[in-house]
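Please construct the entire structure, taking both the sequences and the accompanying hints into account.
Just so we're aligned, residue 168 is where the sequence shown starts under the numbering used here, counting upward by one.
It is worth saying that the hints were derived from the structure and are not from the lab.
Cut-off 20 Å, straight-line C-alpha distance, at most; resulting in silico cross-link-like pairs (EDC-like, lysine to aspartate or glutamate):
hint, residue 1, residue 2
1, K260, E356
2, K260, D194
3, K200, E475
4, K221, E502
Computed beta-carbon distance windows for the label pairs:
hint, residue 1, residue 2, range
5, W355, F476, 33 to 43 Å
6, F504, C361, 47 to 57 Å
7, Y410, T283, 36 to 46 Å
8, I262, G353, 22 to 32 Å
9, I403, I372, 47 to 57 Å
10, L193, F282, 20 to 30 Å
11, V490, Q196, 22 to 32 Å
12, R220, G353, 47 to 57 Å
13, G353, F282, 23 to 33 Å
14, I357, F277, 18 to 28 Å
15, I262, R220, 41 to 51 Å
Idealized CB from N, CA, C, for every residue including glycine.
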Amino acid sequence: MNISQSDDYKEFDFWDHIIILVYPVLDYQAHVKFVIAVIGVFVNIFHLIVLTRKSLRVYTINIFLIGIAICDFIRLLSYVLLALPDYHYRYQKSIMSSICIPPPSYASCFLFVHFTPIPRVFQDLAVWFGVAMAVLRVIILKYSLSLKAQNLISSNSGIWILFVVCLPHIVYWIFEFQWTEIREYGIWEIPSGCANFTYTSPRIIYSMGPEEYQNETLLLVEGIFFTLIPSIILPIVTIVLIYFLKTMKRSTASNNNNHNARSTKMVALVTVTFLLATVPLGITYLYQHTDFSFGISFFCSMFVIICEFVSLINGTMHFLLCVCISSQYQRIVREMFGRKINRISVAIL
Numbered sequence: 168m169n170i171s172q173s174d175d176y177k178e179f180d181f182w183d184h185i186i187i188l189v190y191p192v193l194d195y196q197a198h199v200k201f202v203i204a205v206i207g208v209f210v211n212i213f214h215l216i217v218l219t220r221k222s223l224r225v226y227t228i229n230i231f232l233i234g235i236a237i238c239d240f241i242r243l244l245s246y247v248l249l250a251l252p253d254y255h256y257r258y259q260k261s262i263m264s265s266i267c268i269p270p271p272s273y274a275s276c277f278l279f280v281h282f283t284p285i286p287r288v289f290q291d292l293a294v295w296f297g298v299a300m301a302v303l304r305v306i307i308l309k310y311s312l313s314l315k316a317q318n319l320i321s322s323n324s325g326i327w328i329l330f331v332v333c334l335p336h337i338v339y340w341i342f343e344f345q346w347t348e349i350r351e352y353g354i355w356e357i358p359s360g361c362a363n364f365t366y367t368s369p370r371i372i373y374s375m376g377p378e379e380y381q382n383e384t385l386l387l388v389e390g391i392f393f394t395l396i397p398s399i400i401l402p403i404v405t406i407v408l409i410y411f412l413k414t415m416k417r418s419t420a421s422n423n424n425n426h427n428a429r430s431t432k433m434v435a436l437v438t439v440t441f442l443l444a445t446v447p448l449g450i451t452y453l454y455q456h457t458d459f460s461f462g463i464s465f466f467c468s469m470f471v472i473i474c475e476f477v478s479l480i481n482g483t484m485h486f487l488l489c490v491c492i493s494s495q496y497q498r499i500v501r502e503m504f505g506r507k508i509n510r511i512s513v514a515i516l
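Structure (structure tokens):
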């Protein structure tokens with residue numbers, strides 16, 4: 168073994184020990200993510216019930232919030248469903264030896280293949296909904312005297328924009344499903360010594376995964392279109408929205424100005440939540456496609472896990488933003504719980 172190979176081995180051995188130390192923390196945060204996802208599923212159900220009320224459906228911003236809430240709900244529900252087989256496997260290990268646990272069936276592999284892309288696809292879709300909503304808000308504020316720009320406030324315009332945003336994601340999703348294959352890998356037979364085993368016949372072992380060039384193509388498309396581009400647009404529109412907010416605070420107070428300020432504040436905060444979860448992933452994507460040492464790659468992987476954790480929390484935050492900022496949202500929540508509002512509430516969205 169030459170000096171270069173020896174140094175590479177020492178570096179690999181060092182980071183291997185680091186991974187062993189970090190693994191319990193990652194295992195713990197996986198449980199925390201599962202709990203957050205379960206809570207987020209129920210939170211977004213209630214969030215959707217409120218947003219789909221007739222009085223809120225007339226505004227484009229609320230149409231985008233409904234789209235984001237649907238994405239969050241599907242993403243968090245898929246995360247919960249994908250985590251259940253892992254918990255079932257942990258349960259099996261607690262009652263029998265790991266060598267006695269049979270491989271997953273074809274149906275399980277099929278469901279895994281088709282459910283795995285869902286959280287990522289709907290996360291990307293929610294980010295693009297946030298980008299489109301922020302850009303739309305900037306256009307409305309920039310051209311406040313334009314009739315065409317003001318027509319974008321109505322929900323009919325928002326539905327068409329949602330459809331345009333969804334289209335490339337649907338195409339990407341279809342391609343990813345077609346490029347992922349389930350292949351027979353071998354035959355699994357019951358090892359000797361496995362007592363009280365419910366399966367008596369051999370089972371087929373399946374392997375899953377796309378071909379190498381197809382996987383690289385998908386990663387390239389996803390990285391550029393769904394990660395890098397939003398990472399560039401989000402900071403720009405966030406800065407512009409903050410500028411408009413400061414301008415509104417300096418202007419004369421009025422009901423209409425308060426309406427615009429609250430709407431802009433809502434969009435800006437939603438944009439910031441996506442900014443915190445998406446831009447770091449865009450930076451990490453650039454690093455992952457650059458030839459760095461194993462240590463840098465390790466930190467990039469850890470950073471991606473942290474960003475995914477933030478993204479999961481982000482899926483439950485939009486409900487809180489609406490409750491804290493939107494007076495009309497607050498009014499509907501009170502009415503749902505039997506508390507009628509006597510005063511006239513100004514629609515802020």
